[in-house]
Amino acid sequence: MLRLQNIHTGYGDIAVLKNISLHVSRGEIVTLIGANGAGKTTLLNTICGLVRARSGSIVYNDRPVTDCSADQIVRLGISQVPEGRQIFAPLSVLDNLRLGAYTRAREWGKKKVQERIEQMYALFPRLQERAQQYAGTLSGGEQQMLAIARALMADPCLLVLDEPSMGLAPLVIAEIFKAVARLRDERKTTIFLVEQNARTALKYADRGYVIETGKIMLEGRSDDLLNNREVQRAYLGRQKQPIWE
Amino acid sequence: MSIESQIVQFLFTGIALGSIYAMVALGFNIIYNATGILNFAQGEFVMLGGLVMVWLSVTLGLPMPLAFAVTVAAVMAVGALFERLAIYPLKKPPVLILIIITLAGSIIFKGSAMLLWGKKTYSLPHFSSEQPIAVLGATILPQTFWIIGFLAAVVAALALFFNCTMLGKAMRACSFNPTAASLVGINVKRIVLLSFAVSAAIGAIAGIVFTPVVLMEYDRGTMLALKGFCAAVLGGLGNGAGAVVAGLLIGILESFGAGFISSAYKDAIALLVLLLVLVVRPGGLLSRGEASRLKDF
Ligand SMILES: Nc1ncnc2c1ncn2[C@@H]1O[C@H](COP(=O)(O)OP(=O)(O)O)[C@@H](O)[C@H]1O
Ligand SMILES: [Mg+2]
Chain G
308 MLRLQNIHTG
318 YGDIAVLKNI
328 SLHVSRGEIV
338 TLIGANGAGK
348 TTLLNTICGL
358 VRARSGSIVY
368 NDRPVTDCSA
378 DQIVRLGISQ
388 VPEGRQIFAP
398 LSVLDNLRLG
408 AYTRAREWGK
418 KKVQERIEQM
428 YALFPRLQER
438 AQQYAGTLSG
448 GEQQMLAIAR
458 ALMADPCLLV
468 LDEPSMGLAP
478 LVIAEIFKAV
488 ARLRDERKTT
498 IFLVEQNART
508 ALKYADRGYV
518 IETGKIMLEG
528 RSDDLLNNRE
538 VQRAYLGRQK
548 QPIWE
Chain Z
-1 MSIESQIVQF
9 LFTGIALGSI
19 YAMVALGFNI
29 IYNATGILNF
39 AQGEFVMLGG
49 LVMVWLSVTL
59 GLPMPLAFAV
69 TVAAVMAVGA
79 LFERLAIYPL
89 KKPPVLILII
99 ITLAGSIIFK
109 GSAMLLWGKK
119 TYSLPHFSSE
129 QPIAVLGATI
139 LPQTFWIIGF
149 LAAVVAALAL
159 FFNCTMLGKA
169 MRACSFNPTA
179 ASLVGINVKR
189 IVLLSFAVSA
199 AIGAIAGIVF
209 TPVVLMEYDR
219 GTMLALKGFC
229 AAVLGGLGNG
239 AGAVVAGLLI
249 GILESFGAGF
259 ISSAYKDAIA
269 LLVLLLVLVV
279 RPGGLLSRGE
289 ASRLKDF
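For the record, the sequence lines run as chains G and Z. Quick note on numbering: the first sequence equals residues 308 to 552 in the working numbering. Quick note on numbering: the second sequence equals residues -1 to 295 in the working numbering.
Here chain G stands alone, though its shape is the one from the complex (with noise of 0.2 Å):
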């Protein structure tokens, strides 16, 4: 479904994607981990059209999109869930819900996009509740919740979500992964997870990469990735004690 070949970028002077090849098929949960600064942020900014990839290629749907801008990709059916949440905190929970459809909206029509808040009320309740409350004034999971609905307004088939746990709490965390692992059960949506909490990204994903230092040092299955040694001792902080004798 996505596929992205030797992708180099970086901001000005520095580089920070080395050759980056990875590849996401449908109805899969895909997890990229890496540490703080890795460059995972910029790997998803690329693939969503706002980092300009130096050289390689991405390809989505048989269709590269290397060169698309940010609303050309979410037209066609990725959406980010960004870093930090960044819903937009002056404006109501409906309001961001419905700029959430905006790529959709003169083709929706009012009725549909209606339908589709709809939906996301039943996917997160509480986000009903609140529909006329300012987003700001939201809880830390709360808004992580706002921030994802948002951006399945827009019905993408690839959503990829950009650590979605950041300071939450963990029971607030397993409530988001649960609804998360729910849109690929019942709606078939693709997921590409970025996380620094690998544990918790492994355990929901189906596969899994790790970024270090702007490259990709392992791949493969998660539950390989979760008993492989380096992996546990970098990301799941397990590290084994060596023995004295």
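These are computed hints drawn from the structure, not numbers from a lab. Treat the hints loosely; a few may be bogus.
To be verified - Pairwise CB distance ranges, derived in the manner of DEER restraints:
id, chain 1, residue 1, chain 2, residue 2, range
1, G, Gln421, Z, Leu165, 16 to 26 Å
2, Z, Phe258, G, Arg413, 54 to 64 Å
3, Z, Val278, G, Gly317, 43 to 53 Å
4, G, Glu414, Z, Asn161, 50 to 60 Å
5, G, Arg540, Z, Val278, 52 to 62 Å
6, Z, Ala155, G, Ala476, 40 to 50 Å
If you're wondering where the values come from, they're calculated on a predicted model, not measured in any experiment. Glycine included, every Cβ here is placed at the ideal spot set by N, Cα and C.
Starting from the known structure of chain G, fit chain Z with the ligands onto it as the hints suggest.
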């Protein structure tokens, strides 16, 4: 004239003047919110509005309402063209560079207006009668009420646009967080274009309603931009309600200053008020405590 009627007189003159400053300040804010740019060509839109209107309605003899609509559309097009030629082609320029470009733009607009209209001062008939209306011993021109009415209409239209239309909300989303706005598929560059067009339209309206009272010439824009800028900063950059309050305040103070002290200090008053208020409230009159910052500086 008794002192009371003098006060009423200055008050109305001040409100009319302040309405113009408020409209210029609103134009400043719309572009600032969309881009972080302070558009110093904003005053030129007012000048162009006045002169194009004079040309259409006096020289060509078009009926007032038609000339009004064509003028606003024409100045809007100028604003949009300015954005497409001077702002759009640049890739991620620093905001300071963009502001300097708007200054250059204002010089070009002024120069072009001088070539087209010369250095003459032009007048425009009042919208209705020129017979002053007596209010508490003061004599108020009916055009004053037109000016106040148009400010109210512009404010109402903007409130409706930003609170009740999807495009208006998209524009607010953009000014709050352009990255997130791009990610929901809002074309940010188009919103920037729209902000220049809307600001130019507001400037044109200000110029059209103002010209019958104060006449218009090619070099009026700079001072208007300066006053409008003072009002925008005084009200808190980006704050629409603040712009209106501050614009009216500066207009009224200027009018009283000119009447009771000396008209020689008229233009200094706006700056003086701005300085005094910023010392006390760095974020502007209607700020909620946090100091106003220039985006991206
Ligand atoms: N807008 C930017 N301008 C310059 N450098 C950036 C920018 N965004 C990120 N970087 C740099 O790129 C590197 C990767 O950042 P990022 O993609 O945000 O990593 P991650 O999401 O994995 O934490 C970091 O070294 C960061 O400092
Ligand atoms: Mg990141």
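Against the structure, the hints come out as follows:
For Gln421 (chain G) and Leu165 (chain Z), the hinted distance range of 16 to 26 Å is satisfied, since their beta carbons lie about 19 Å from each other. Against the hinted window of 54 to 64 Å, the Cβ-Cβ separation of Phe258 (chain Z) and Arg413 (chain G) comes to about 57 Å, which satisfies the hint. The given range of 43 to 53 Å is respected by Val278 (chain Z) and Gly317 (chain G), whose C-beta atoms sit roughly 45 Å from each other. For Glu414 (chain G) and Asn161 (chain Z), the Cβ-Cβ distance of about 25 Å falls outside the hinted range of 50 to 60 Å, so the restraint is violated.
The hinted range of 52 to 62 Å is satisfied by Arg540 (chain G) and Val278 (chain Z), whose Cβ atoms lie roughly 58 Å apart. Checked against the given bound of 40 to 50 Å, the beta carbons of Ala155 (chain Z) and Ala476 (chain G), roughly 45 Å apart, stay inside it.
Violated hint: 4 only; the structure is consistent with all others.
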